[in-house]
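Sequences are here, hints too, so could you generate the full structure?
Chains as they are written, first to last, in the numbering used here: chain A, 1 to 113; chain B, 1 to 374.
The reader is advised that the hints may include incorrect statements.
To be verified - One-sided excerpt, in silico: chain A residues whose CB lies under 7 Å from chain B:
no. : residue
1   : 52
2   : 60
3   : 62
4   : 64
5   : 65
6   : 67
7   : 71
8   : 72
9   : 81
Quick caveat, the hints were computed from the structure, so don't treat them as lab data.
The structure presented is a predicted model; accordingly, all values stated were derived computationally and were not measured.
No residue lacks a Cβ here, since even glycine has one placed at the ideal position from N, Cα and C.
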Amino acid sequence: MSNDSEITRLQHQITILEKQLAQRSNVKQILSQGFETLSAQLGPLQNLAPERTLLGDDRNARLQNLRKALARPEWNGAGTLPMEEYPVFFIGEVAPQQVDSIQGTLTKGSTSP
Amino acid sequence: MIQQLVNRIMEGGSSKEAAALRVLGADPFDLVLHMEQVWNVFDPWSPNPPPAGVARQNLFATGEFNNFAPTPGAPAWDHLGYSYVLENTRMVQILRRVVREYRSGEGLGIPSVATQRWLDATEVLLFGAANPISTWLSTSAIRQDSEAVRRNAYWRLFGLDLAFGTDDNRPPTYDKANAANTSFIRLFEELLFELWQSISNVRNISGVNSSDDDRIYRIAEELQYVLRSRRQRQMLAREELAAATVLGWAELTLSANTPVVIDLRAEATSQANRLRLIGERVGLTAHSKSAALFSMCSDLSLFLRIIEAGVVTSPDLAWVLYLTQPPQGTPPGAPKPIGNESRRLITEWAAATGKDLKARSKPVEINRRQPVMR
Numbered sequence: 001m002s003n004d005s006e007i008t009r010l011q012h013q014i015t016i017l018e019k020q021l022a023q024r025s026n027v028k029q030i031l032s033q034g035f036e037t038l039s040a041q042l043g044p045l046q047n048l049a050p051e052r053t054l055l056g057d058d059r060n061a062r063l064q065n066l067r068k069a070l071a072r073p074e075w076n077g078a079g080t081l082p083m084e085e086y087p088v089f090f091i092g093e094v095a096p097q098q099v100d101s102i103q104g105t106l107t108k109g110s111t112s113p
Numbered sequence: 001m002i003q004q005l006v007n008r009i010m011e012g013g014s015s016k017e018a019a020a021l022r023v024l025g026a027d028p029f030d031l032v033l034h035m036e037q038v039w040n041v042f043d044p045w046s047p048n049p050p051p052a053g054v055a056r057q058n059l060f061a062t063g064e065f066n067n068f069a070p071t072p073g074a075p076a077w078d079h080l081g082y083s084y085v086l087e088n089t090r091m092v093q094i095l096r097r098v099v100r101e102y103r104s105g106e107g108l109g110i111p112s113v114a115t116q117r118w119l120d121a122t123e124v125l126l127f128g129a130a131n132p133i134s135t136w137l138s139t140s141a142i143r144q145d146s147e148a149v150r151r152n153a154y155w156r157l158f159g160l161d162l163a164f165g166t167d168d169n170r171p172p173t174y175d176k177a178n179a180a181n182t183s184f185i186r187l188f189e190e191l192l193f194e195l196w197q198s199i200s201n202v203r204n205i206s207g208v209n210s211s212d213d214d215r216i217y218r219i220a221e222e223l224q225y226v227l228r229s230r231r232q233r234q235m236l237a238r239e240e241l242a243a244a245t246v247l248g249w250a251e252l253t254l255s256a257n258t259p260v261v262i263d264l265r266a267e268a269t270s271q272a273n274r275l276r277l278i279g280e281r282v283g284l285t286a287h288s289k290s291a292a293l294f295s296m297c298s299d300l301s302l303f304l305r306i307i308e309a310g311v312v313t314s315p316d317l318a319w320v321l322y323l324t325q326p327p328q329g330t331p332p333g334a335p336k337p338i339g340n341e342s343r344r345l346i347t348e349w350a351a352a353t354g355k356d357l358k359a360r361s362k363p364v365e366i367n368r369r370q371p372v373m374r
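Right, dumping it as structure tokens:
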């Protein structure tokens, strides 16, 4: 008998705890839903900005023209500019090829200029 | 002028590096011809006849950069403010010593072929060596020193002198005009202060807001009047082009590890560091705030051009100077306002001058209203 009564008491306690747990999750649900609703309602405020007068076509063209005229490359972080360079000869170190070998400029037997 | 030429060559399909090397290795005659072309395309005295006659137009059509002419309209060179801040780094005087050392001995080593080409162009562009078309240089027997011509222009347009004297630290001598914009710097710094208030309040929709579009407009308008008063009938335009060419050439030289930078063993990761190393090699110290000066030069140029152009014509349009994106409702493809440039300018101007532009130096004076009649 005592065992049955103990089981009944424990079952009753479990029921109470389950109810409490259900209530707690409800509160959590209500809170989170409430914040989500509030956040959604306030969302448009992020994009709220004072109404501005727009530039007319003439002012837009001036701004565009000035920006374009002064456009320049970005040099931040630029490294080495590779420049290919060949060895330079000393004076007289290399003779030009024989003028006779140049086709169509001199005829055989003529003197070079 | 020079950086814009590099940009136009890039638009033709070249890489940035190839375009820069093409300009740095160019025949100085081609560069001079192109400058004449840029000046003529701008057509300073329009609707009066353009500056170049038939012979000169035919001549610059034969130049290497003829196909890279800018579009007509706005001048395709930087504002004099660009030249002023860059010249304050002392880069021209330092490069002058480099040229002198290379031309008079071998103390800096044997220059590469590319550096010898650079020396040829630098002597023509910066130091007025025999130039087949010398008119653009804005120097003559009457005003021989190009640095003195630039100092004169800085004084007239900004009421400012450079932060240093001559190459050998003597006081500079130049013609100091009576008509000078001595109020420029006060207005300019006041405008930067007001712009900072607006930049820091762009997203503020509920708190105390210290931005004041009306005041921005009024200062910008006053600044426009001041600058335009020295620009009537395109006065100072040619001097501005010559200065922008000189300083643009020097800036491009230091923009990367170019052949002359390599020959001088001054490889570094920034323009300011390259200049500092070259300065140490030739015994002339660069400005300690060179990094800030390099960083803001192009932003200052655009900022002053837009002020002078009169884009902001009412308090309602003051946002052009501090927003980073066009406002809602702007048609697609419209140009961006210059908020990013203004912000960079405020930061670097404060760094270069040591002034805190984000705090008002003194409270606004409000005079007690006097009774009209007793």
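Consistency of the hints with the structure:
1. 52: 4 Å, holds
2. 60: OK, holds: residue 60 of chain A within 7 Å of chain B, min 5 Å.
3. 62: Nearest chain B Cβ about 5 Å off; hint holds.
4. 64: Nearest chain B Cβ about 4 Å off; hint holds.
5. 65: 5 Å, holds
6. 67: 5 Å, holds
7. 71: Holds - the Cβ of residue 71 of chain A comes within 7 Å of chain B, reaching about 5 Å at its closest.
8. 72: 4 Å, holds
9. 81: 5 Å, holds
The structure agrees with every numbered hint stated previously.
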